[in-house]
Amino acid sequence: MTIKILAVIFVGLASGLAVGAGFVAFLTVLGVIPRLTQLSKTMKMIHHYEWGVVFGALTGVCASLRDPELGISAFVLVPLGLTGGVFVGMLAAGLTEALNVFPILAKRINLDGKIVILIMAMVFGKIFGSIFQWIFFVHH
Amino acid sequence: MEFFIKNNLLPILTTHEIFVLEVNVLETTIYIRMRNRVQSPPNGIILLKDAAQIIAPETILPDLKLLQIHQLSEEDGNIVVIDIMNVIGRITKQFGDLEVQTIGPAQTIIEVVAKKKGVSIPFFLLIWFLLFFGSAMTLMNFHDDVSMKSVQEKIYTIITGKHDAKPLLFQIPYSIGLGLGMILFFNHVFKKRINDEPSPLEVEMFNYQMDLDNYVILHENKESMKRVHDD
Chain A
1 MTIKILAVIF
11 VGLASGLAVG
21 AGFVAFLTVL
31 GVIPRLTQLS
41 KTMKMIHHYE
51 WGVVFGALTG
61 VCASLRDPEL
71 GISAFVLVPL
81 GLTGGVFVGM
91 LAAGLTEALN
101 VFPILAKRIN
111 LDGKIVILIM
121 AMVFGKIFGS
131 IFQWIFFVHH
Chain B
141 MEFFIKNNLL
151 PILTTHEIFV
161 LEVNVLETTI
171 YIRMRNRVQS
181 PPNGIILLKD
191 AAQIIAPETI
201 LPDLKLLQIH
211 QLSEEDGNIV
221 VIDIMNVIGR
231 ITKQFGDLEV
241 QTIGPAQTII
251 EVVAKKKGVS
261 IPFFLLIWFL
271 LFFGSAMTLM
281 NFHDDVSMKS
291 VQEKIYTIIT
301 GKHDAKPLLF
311 QIPYSIGLGL
321 GMILFFNHVF
331 KKRINDEPSP
341 LEVEMFNYQM
351 DLDNYVILHE
361 NKESMKRVHD
371 D
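Line order of the protein sequences matches chains A and B. Every letter in the first sequence is one number past the one before it in my numbering, and letter 39, counting from 1, is 39. Every letter in the second sequence is one number past the one before it in my numbering, and letter 158, counting from 1, is 298.
Calculated directly from the structure, the hints in this document are not laboratory data. Careful: at least some of the hints might be erroneous.
Unchecked claim - If we take Cβ atoms under 7 Å as the criterion, some of the chain B residues that face chain A in the derived model are:
| hint | residue |
| --- | --- |
| 1 | V178 |
| 2 | A276 |
| 3 | L318 |
| 4 | L320 |
| 5 | G321 |
Unchecked claim - Result set (DSS-like, lysine-lysine): computed pairs, CA atoms no more than 30 Å apart in a straight line:
| hint | chain 1 | residue 1 | chain 2 | residue 2 |
| --- | --- | --- | --- | --- |
| 6 | B | K233 | B | K366 |
| 7 | B | K255 | A | K114 |
| 8 | A | K107 | B | K306 |
| 9 | B | K233 | B | K362 |
| 10 | A | K107 | B | K233 |
| 11 | A | K107 | B | K205 |
| 12 | B | K189 | B | K233 |
| 13 | B | K255 | B | K189 |
| 14 | B | K189 | B | K205 |
| 15 | B | K233 | B | K205 |
| 16 | B | K255 | B | K205 |
| 17 | B | K255 | B | K233 |
All C-beta atoms, glycine included, are put in the ideal place defined by N, C-alpha and C.
Isolated chain A, as found in the complex:
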């Protein structure tokens, strides 16, 4: 019996370790946190940001495994949604950058100076797609 329990604990720990390490590795590759510290000039606080990510991930684990209910105002969701969106947007931007899409595209169509317009196309496309999905698309 104890062996079984120990085995389950071990397997749980191992899978948690793999998922956690994968998440952090993914964040590192996309360079979201360095980018944020660079923008806000808070390089010294980087360790606190690390802990922010760790506690955020743990809160997410608790929320998805234990189903708590807080019963507070729905307007708390507005900042949560906004920050969540910014995070996903930065992930998407980091991915686009890692794949080197823009430099090649801009060079092909002689648009070196005006990549901003291309970025804006993707930004508006993302906002539009997301809003469209939540308001109309989910019905079908």
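Following the hints, position chain B against chain A.
Chain B alone, transformed into the frame defined by chain A:
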């Protein structure tokens, strides 16, 4: 003289000649630094002052500046690489014994620019729409793939204790935040910047250009590679 060298018989006479040569060589030194990229109209003539920065004694500087390095022709195509060895060769041919000190890059890339081409508007609009619709669809696929909808409903229930099939109060800020995050990452609020640092995209563009240049330097420059069958 040749007879003596061929037969390994060095005459005593040469020691005197070598002494004279050494005095001449050290007379004038010029410094040359090749530019990285130079643009030129088709069929233009590339002068030394176009392709390089020069420091030289006043007496020869004007002539040196106007030294012709390369005449562009139709066969040259878009890009020509001028190797520094070539340049030194021409300088020594024209000016005799100068000591040429080279600093910096070992070659210049000449970019032949025909007429400055404008961006064609329909083509541009097509690409803009392509990116717009492509991103919209990619994002919807992503949301579906990671079951974003059920997660958002769950978050709504956690916070409020009620169930809502369309928690728009969470979803609309999320959607706007998505765009904001991308702008933040690329450091552009339309044309205004948040701070002075180059955006990752500009760095990426620069790296891409450097890679292209490196490729061109090796592949367009006939002197930089020697194959087995080349004569």
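Comparing the hints with the structure gives:
no.: 1; hint: V178; verdict: 17 Å, violated
no.: 2; hint: A276; verdict: 3 Å, holds
no.: 3; hint: L318; verdict: 4 Å, holds
no.: 4; hint: L320; verdict: 5 Å, holds
no.: 5; hint: G321; verdict: 2 Å, holds
no.: 6; hint: B/K233 x B/K366; verdict: 25 Å, holds
no.: 7; hint: B/K255 x A/K114; verdict: 19 Å, holds
no.: 8; hint: A/K107 x B/K306; verdict: 42 Å, violated
no.: 9; hint: B/K233 x B/K362; verdict: 21 Å, holds
no.: 10; hint: A/K107 x B/K233; verdict: 40 Å, violated
no.: 11; hint: A/K107 x B/K205; verdict: 33 Å, violated
no.: 12; hint: B/K189 x B/K233; verdict: 17 Å, holds
no.: 13; hint: B/K255 x B/K189; verdict: 23 Å, holds
no.: 14; hint: B/K189 x B/K205; verdict: 5 Å, holds
no.: 15; hint: B/K233 x B/K205; verdict: 15 Å, holds
no.: 16; hint: B/K255 x B/K205; verdict: 26 Å, holds
no.: 17; hint: B/K255 x B/K233; verdict: 35 Å, violated
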